[in-house]
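Residue numbers (the numbering used here), protein chains in the order written: chain A, 1 to 261; chain B, 1 to 598; chain C, 1 to 160.
Fair warning: there could be bad hints in the mix.
Quick list of in silico lysine to any residue cross-link-like pairs, SDA-like style, CA-CA up to 25 Å [stated by the list, open to error]:
id, chain 1, residue 1, chain 2, residue 2
1, A, K169, C, G34
2, B, K417, B, G475
3, B, K311, B, D292
4, C, K3, A, W243
5, A, K169, C, E126
6, B, K180, B, G440
7, C, K3, A, L239
8, A, K169, A, L239
9, C, K3, A, K169
Pairwise CB distance ranges, derived in the manner of DEER restraints [as the list claims (entries may be wrong)]:
id, chain 1, residue 1, chain 2, residue 2, range
10, C, T123, A, Q247, 31 to 37 Å
11, A, T45, B, A439, 58 to 64 Å
12, A, R136, B, S484, 52 to 58 Å
13, B, R376, A, A226, 51 to 57 Å
14, A, Q142, B, R225, 52 to 58 Å
15, A, E260, B, I380, 55 to 61 Å
16, A, S241, C, G16, 25 to 31 Å
17, C, K4, B, A136, 20 to 26 Å
18, B, I380, A, G170, 25 to 31 Å
19, B, R376, A, S241, 24 to 30 Å
20, A, W243, B, T498, 38 to 44 Å
21, B, G32, A, S53, 16 to 22 Å
Hints in this document: simulated from the structure, not taken from any laboratory. All values reported here derive from a predicted model rather than from experimental measurement. We put the CB at the ideal spot given by N, CA and C, even for glycine.
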Amino acid sequence: MTTVQTFASLAEASAAQGAIMGGGTLLMRQVNEAPHTVPGLIRITDPGLSRVSASGDRIEIGAGVTMRQVMDHPDLAAFAPVARAIGGPALRNMATVGGNLFAPHPYGDFTVGLLAAGAQVVWADGRREELEDFLRGRVSAQGILATVSVVRTRPEQLRFRKVSRTRPKGVSVMSIAARLDGTGSSASSARIAFGAMGPTPLRARAAEVALQGVRLDTDGVGPACAACLEDLSPADDALASAWYRAQVAPIYLRRCLLGES
Amino acid sequence: MSVEFRKDLFADERRDDLNEIGKPHTRQDIEGHVTGRTAYYDDHLFDGLLHMRCVRSPHHHARVRSVDASAAEALPGVRRVVRPSDVPHNINTLLSLIGFGEDDEQLLSDPIVRYRGEPVLAIIAETEAIARAACAAVRVDWEVLPHVLDPEEAIAPGAPSVNPAYSDNSFTYEPYDHVKLRFGDVTAAFAQADHLIEAEYEMSPIEQAPIETCGAIAAPETADRFVCHTGTQALFFSLGTTAKLLDLPSSRLHFIGGTVGGGFGGKVDSITEPMAVLGAVLTGRPVKFQWDRPEEMQVGAPRGAERWRIKDGVMADGRIIAREFTGFFDAGAYTRLSSYAGHKGTGHLPGPYTIPNVASNVFCVFTNRTPATAMRGFGITGVDFAIECHMDRVAEATGLDPISLRILNSYRDGDMKAHRRVAKNCALVECCQVAADKAGWTLSAQDKAASSLAGSDAQRAAIPETALDEEGRVGARKEGRVASTAPAPGTKRLVAGTHGRTMEAVSVQRPDMEILAERIGHAIPGATSAPAAAAPVAASPVAPSPPARPAAATPTPPAAAQPTPPVPPSAPPSPPKPFDRGVRRPGVSQFLSGSRRR
Amino acid sequence: MPKKPMSFTLNDAETGVFVEEGQNLLEALRRGAGDLSPKFGCGQGTCGACTVLIDGAPHLSCLTLAEAAASRRVETTGGLAAGPELHPLQTAFMEGFAAQCGFCTGGMLMVAKALLAENPRPTREEVIEAISGNLCRCTGYGPIVDAILTAAARMQGRAA
Numbered sequence: 001m002t003t004v005q006t007f008a009s010l011a012e013a014s015a016a017q018g019a020i021m022g023g024g025t026l027l028m029r030q031v032n033e034a035p036h037t038v039p040g041l042i043r044i045t046d047p048g049l050s051r052v053s054a055s056g057d058r059i060e061i062g063a064g065v066t067m068r069q070v071m072d073h074p075d076l077a078a079f080a081p082v083a084r085a086i087g088g089p090a091l092r093n094m095a096t097v098g099g100n101l102f103a104p105h106p107y108g109d110f111t112v113g114l115l116a117a118g119a120q121v122v123w124a125d126g127r128r129e130e131l132e133d134f135l136r137g138r139v140s141a142q143g144i145l146a147t148v149s150v151v152r153t154r155p156e157q158l159r160f161r162k163v164s165r166t167r168p169k170g171v172s173v174m175s176i177a178a179r180l181d182g183t184g185s186s187a188s189s190a191r192i193a194f195g196a197m198g199p200t201p202l203r204a205r206a207a208e209v210a211l212q213g214v215r216l217d218t219d220g221v222g223p224a225c226a227a228c229l230e231d232l233s234p235a236d237d238a239l240a241s242a243w244y245r246a247q248v249a250p251i252y253l254r255r256c257l258l259g260e261s
Numbered sequence: 001m002s003v004e005f006r007k008d009l010f011a012d013e014r015r016d017d018l019n020e021i022g023k024p025h026t027r028q029d030i031e032g033h034v035t036g037r038t039a040y041y042d043d044h045l046f047d048g049l050l051h052m053r054c055v056r057s058p059h060h061h062a063r064v065r066s067v068d069a070s071a072a073e074a075l076p077g078v079r080r081v082v083r084p085s086d087v088p089h090n091i092n093t094l095l096s097l098i099g100f101g102e103d104d105e106q107l108l109s110d111p112i113v114r115y116r117g118e119p120v121l122a123i124i125a126e127t128e129a130i131a132r133a134a135c136a137a138v139r140v141d142w143e144v145l146p147h148v149l150d151p152e153e154a155i156a157p158g159a160p161s162v163n164p165a166y167s168d169n170s171f172t173y174e175p176y177d178h179v180k181l182r183f184g185d186v187t188a189a190f191a192q193a194d195h196l197i198e199a200e201y202e203m204s205p206i207e208q209a210p211i212e213t214c215g216a217i218a219a220p221e222t223a224d225r226f227v228c229h230t231g232t233q234a235l236f237f238s239l240g241t242t243a244k245l246l247d248l249p250s251s252r253l254h255f256i257g258g259t260v261g262g263g264f265g266g267k268v269d270s271i272t273e274p275m276a277v278l279g280a281v282l283t284g285r286p287v288k289f290q291w292d293r294p295e296e297m298q299v300g301a302p303r304g305a306e307r308w309r310i311k312d313g314v315m316a317d318g319r320i321i322a323r324e325f326t327g328f329f330d331a332g333a334y335t336r337l338s339s340y341a342g343h344k345g346t347g348h349l350p351g352p353y354t355i356p357n358v359a360s361n362v363f364c365v366f367t368n369r370t371p372a373t374a375m376r377g378f379g380i381t382g383v384d385f386a387i388e389c390h391m392d393r394v395a396e397a398t399g400l401d402p403i404s405l406r407i408l409n410s411y412r413d414g415d416m417k418a419h420r421r422v423a424k425n426c427a428l429v430e431c432c433q434v435a436a437d438k439a440g441w442t443l444s445a446q447d448k449a450a451s452s453l454a455g456s457d458a459q460r461a462a463i464p465e466t467a468l469d470e471e472g473r474v475g476a477r478k479e480g481r482v483a484s485t486a487p488a489p490g491t492k493r494l495v496a497g498t499h500g501r502t503m504e505a506v507s508v509q510r511p512d513m514e515i516l517a518e519r520i521g522h523a524i525p526g527a528t529s530a531p532a533a534a535a536p537v538a539a540s541p542v543a544p545s546p547p548a549r550p551a552a553a554t555p556t557p558p559a560a561a562q563p564t565p566p567v568p569p570s571a572p573p574s575p576p577k578p579f580d581r582g583v584r585r586p587g588v589s590q591f592l593s594g595s596r597r598r
Numbered sequence: 001m002p003k004k005p006m007s008f009t010l011n012d013a014e015t016g017v018f019v020e021e022g023q024n025l026l027e028a029l030r031r032g033a034g035d036l037s038p039k040f041g042c043g044q045g046t047c048g049a050c051t052v053l054i055d056g057a058p059h060l061s062c063l064t065l066a067e068a069a070a071s072r073r074v075e076t077t078g079g080l081a082a083g084p085e086l087h088p089l090q091t092a093f094m095e096g097f098a099a100q101c102g103f104c105t106g107g108m109l110m111v112a113k114a115l116l117a118e119n120p121r122p123t124r125e126e127v128i129e130a131i132s133g134n135l136c137r138c139t140g141y142g143p144i145v146d147a148i149l150t151a152a153a154r155m156q157g158r159a160a
C-alpha cells in the first residue's frame, strides 16, 4: 500500500516521488480512507520548514509552520484570527501553512488570509510566484513548496470572517479576508479574497475596484459588496447551495469590511 | 438545574419515598469512561484479526449484470471474497422477529440494488488498508435503473417499483396501503368552520451520527460457538437477526454488547453483526466489520424524511373543530423500522389538543433512498414540528395569541382523544402558563386561570358519530383507482359512542406476542374477557375536580395468589429450520433461546 | 506486510511497537501498544475522540503518521490517573455527569489537560474554545465545560 520516505533536509527530498506530507490533516485522511490512492508519502523533517523569519518588510513563513505557531508568533499577529478559525486546538497543532495552500474546497481558510495579504510562494528550487498564480495552477503543481512570503501586515489592516453553520467551529460556508490600506475611515486600496466560493480561494477584483477611496460605512461599501460575486463561482456542497452562498456573500462581505457582528 | 414536580397534576405519577429517582447520583459506568477503561466493541483485541469491508452501489437503483473480483482476489492479504450466495438465508426484515412485515432486504444484494451505498460484495483481508484497496479493485457492471426519491412520486401510478415485497411502494397496513384514523366527520365540520387553514411541512432525513460508528467483531469461540462483540442498541434483535440470516441456531451465538458509543436509534438495524459473524464463519478467524465515517453518514439508516399536510377547520373564537392529516414517512428502500413509525405517528395525532373531528391517512413509502430507521422519538418529532408550526399559523389566521390558542384547545383531563381513549394526566395548559411566564409573555386572566383539571364536559368526553371510507385498499392507488392521498369523505357511518376494542380483545398476531402471566410476573387485568367481545368502558361523563384517579394507581402487590405455574413437561417442538434448535418453549420466538424482552 | 519498529514514551513508560507503513498513531496505540483509551470516531480529524498529547500538545492521533511520534512523549487518557488517584479532571467529570456514552470523554479530557497546563485559570469561553475540536453527540457540552472549570478551580485551590 502506502510507503513512507523520511528526509532530514529539503535537498535530500527533492528527487523523491510521492505526496509530500504537511501536518497530515488532509493527506492522512486520504491514507485512512483510500490508501491505494496514496502509494508514496514523503516526510521532510527539515527544521527550516518550521521557521518564521523576518527580513525587511517581508516575513517568510516556513511551509511546515503550524496554525498554532502562527497564532503565537508576534510578527504574524494579523494572521492569528485567521489561524484560530481553523479546526480545534489539536488540529491547529498539526495543520500547516504549506498544507493549507493545497487544501481543496471547502477547506483552506488560511490561504484566504494570505491571498488578501498579497503573499508569494517560494519553491525549494528558489522559484517564486504570486499566490494567486500558484492557486490557478495548483491542481498540477509539482515540486516542494518551502516558504510563504508575506508583506508585514498590521492586525488592523487585515479583516477576516469565517461563516460556518455550527458554533464555535465548523467548516466554511465561506470565508472572507480583506486587506485595507488607507486612513481609518476610508480605503485607499483593498485586496479582497473569498474561500469556499470557487474551486480555490479567489480574489474579488471588481469589489476591490469599487472599494477604492470610499468611506468605510454601509453606504460606502455598498457598491463593492454588490460587485463581489463577479469574480466568484460558488458551488453546491453539503454545507450550502451555490444559490445560498451567492445570496449571503455581499452581506458577509459588508460585515467583514465594517467589523459588524 | 432544578426540576419542579407538579404534584397537583401528577399526584399518582411519582412517589415521595424513593431513594434514588430524582436525586443526584454518580453514573455507575462513568469511572470507566473517564479512565478509558470502558470496553466498547472495538476494544476487544484478537490475534489474527481480519478486516471486512463492502463493495457498494454508486447508483440509487441498478441491476448487477456481473461482478469481476479477480483483481481483488489476487491482492496479497485478501483472505476471502464474500458473495450474496455465501449468505445462507439472504432475506430478512428487522421486525420479522415479532412477526411484523415481509422479508424484504438482503444482507448482500443480488442482483438489484435499491439505494446508493447498498452492499453487493464484501472483502475480508489481513489489514483494513488491503480490504479497502481490494474493494476498489472490484469491477461491477451496473445496469442503471430508473429511480424515485420522493414519496408521493413513488406511490403514483407508473412509478418505478422500489421494493418487490410491496408492489405499491408503500408498507401494507391490511387491508389498506396506509394507516387510517377516523374520528367524527371532518368533511361536515369543515363546512361549518369560519376558517380553513391548510399547509404542508417537510423534514429531511437526520443521521444519528454517533461518535462510535456501527460495527462488530466476531470470532470463533469454544464449543462450536461464535462470539460477537457489538455496539448494537438491540442485542437480542441483533442475535435473532444473525441467527436467521446465517441459518445458525442462536445457541451457537454468544453476543456481548451493552456498551454503546452513542446510538440514538441508529444502532438497532443489526447489519454489522451478521456481517462480522459471517466473516468469522467463512474464514475461521476473528473478523471486524466496522463502518467508517463516510459509511455511517451514507448508509447508516437515518431518521427518515417526512412530509405532512394539515388542514384545520377553526371557529372564529379559536376552537379547532376539525383537523385532517395526510402524512408520508419516507422509509427509503427497505422497511427497517419505518412501518412502526406509521403506527406511532398516527398514534400521536392530532397532537395534544381536543378536536372533535379528526381524520388522517399516514403512508410509509419506499423510495430509492437510504433505508430509514429509529431515532429519538421517530414517528413523533416530525409531525410534532408540523403540528406546532400549524398552531402558530392558525393563531396568525385567526388573530389569536398563539399561547392562548393552545390553552383553549389543550386536552383537559376527561376529554375523549381521537383514539377513543380518555385523556388523563394532562398538563399542556400548565406548560403553556409556565413557558409564558418564563418568556415574559402576557397571558389573559382567563388563560392564567385555566387548568388541565377543569374544563372537560360531556361533549368533550363524547365519541362522535364517525364517517368511514374504504379508499386506498392495497393495489388500488398504483392502478389509478384512488383520487387522492388525503382522507376521503365518508361513505359509511359508525354510530356515536362506539369505543375501540380493549387491548385484551385484539387477537395476537402470533403466539409469541401473547401476554402470559407467567412471563410478566403479575396478573393481567381483563385478561379473562372473551377476545371477540369489545368491552367498552363507560366514559366518565364529566371529570370531577380534582378528578378521581383510576384505581390502578394504587400499588398492587405482585399476584401472590397466582404462583407461576410450572412449565408443563411437553415434547420439544421439532424445528422446521436449524435455527429453531435453541428454542424449547412454545410461545417464544423461534429465533431466540430466551424469552424476548423489550 | 513488512512492519517497522518504533519506540516512544507512552504515559511515562518506554514503549515499542511495530507499525505498518502508512499506519496512523491511533491504530499503533490501540492495536500495537494496547492502549485502547483513544477512540476511532471518524478518521478525518472531525470528532476529536482520538485526541492524545504529543510532547504536551493535543494531536489527532488518527491523522498522525505513527512513525512521526517516534521518540516523542505521548499521553493518553489511560495514563491520566496517578495510580489509584484520579486526576481532578476525572473526578470533576464523574461528579458533574460530564459523560454519558463516554466515547468522546477521553478526547475531551486530553484537550482539557493541555488547556489547564497552559492556562490554569481559563474563562468559560476559553474552555469552549479548547473543546471546539471535540464532538459530543449525547449533548453534554454544558456539563463538560462546567466540569473543566470545576477541575481548574480545584487545582488552583479555589472554590468552583
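Verification of the hints:
1. A:K169 <-> C:G34: The hint is violated at about 32 Å.
2. B:K417 <-> B:G475: violated, 31 Å
3. B:K311 <-> B:D292: violated, 43 Å
4. C:K3 <-> A:W243: violated, 50 Å
5. A:K169 <-> C:E126: With Cα atoms ~13 Å apart, K169 (chain A) and E126 (chain C) stay inside 25 Å; holds.
6. B:K180 <-> B:G440: Distance ~41 Å between K180 (chain B) and G440 (chain B) Cα, so the pair is violated.
7. C:K3 <-> A:L239: Answer violated: K3 (chain C) to L239 (chain A) is near 40 Å, above 25 Å.
8. A:K169 <-> A:L239: Holds - the C-alpha atoms of L239 (chain A) and K169 (chain A) are around 13 Å apart, at most 25 Å.
9. C:K3 <-> A:K169: violated, 38 Å
10. C:T123 <-> A:Q247: 31 to 37 Å: At roughly 35 Å between Cβ atoms, Q247 (chain A) and T123 (chain C) fall inside 31 to 37 Å, so the hint holds.
11. A:T45 <-> B:A439: 58 to 64 Å: 59 Å Cβ-Cβ, so the 58 to 64 Å window holds.
12. A:R136 <-> B:S484: 52 to 58 Å: holds, 56 Å
13. B:R376 <-> A:A226: 51 to 57 Å: Because 44 Å falls outside the window, the suggested range is violated.
14. A:Q142 <-> B:R225: 52 to 58 Å: Cβ of Q142 (chain A) to Cβ of R225 (chain B): about 57 Å, so the range 52 to 58 Å holds.
15. A:E260 <-> B:I380: 55 to 61 Å: violated, 40 Å
16. A:S241 <-> C:G16: 25 to 31 Å: This hint is violated: roughly 51 Å between Cβ atoms.
17. C:K4 <-> B:A136: 20 to 26 Å: Roughly 25 Å apart at Cβ, these two residues keep to the hinted range, so it holds.
18. B:I380 <-> A:G170: 25 to 31 Å: holds, 28 Å
19. B:R376 <-> A:S241: 24 to 30 Å: Check passed, 27 Å falls within 24 to 30 Å.
20. A:W243 <-> B:T498: 38 to 44 Å: 53 Å Cβ-Cβ, so the 38 to 44 Å window is violated.
21. B:G32 <-> A:S53: 16 to 22 Å: Taking Cβ atoms as reference, G32 (chain B) and S53 (chain A) lie about 49 Å apart, which means the hint is violated.
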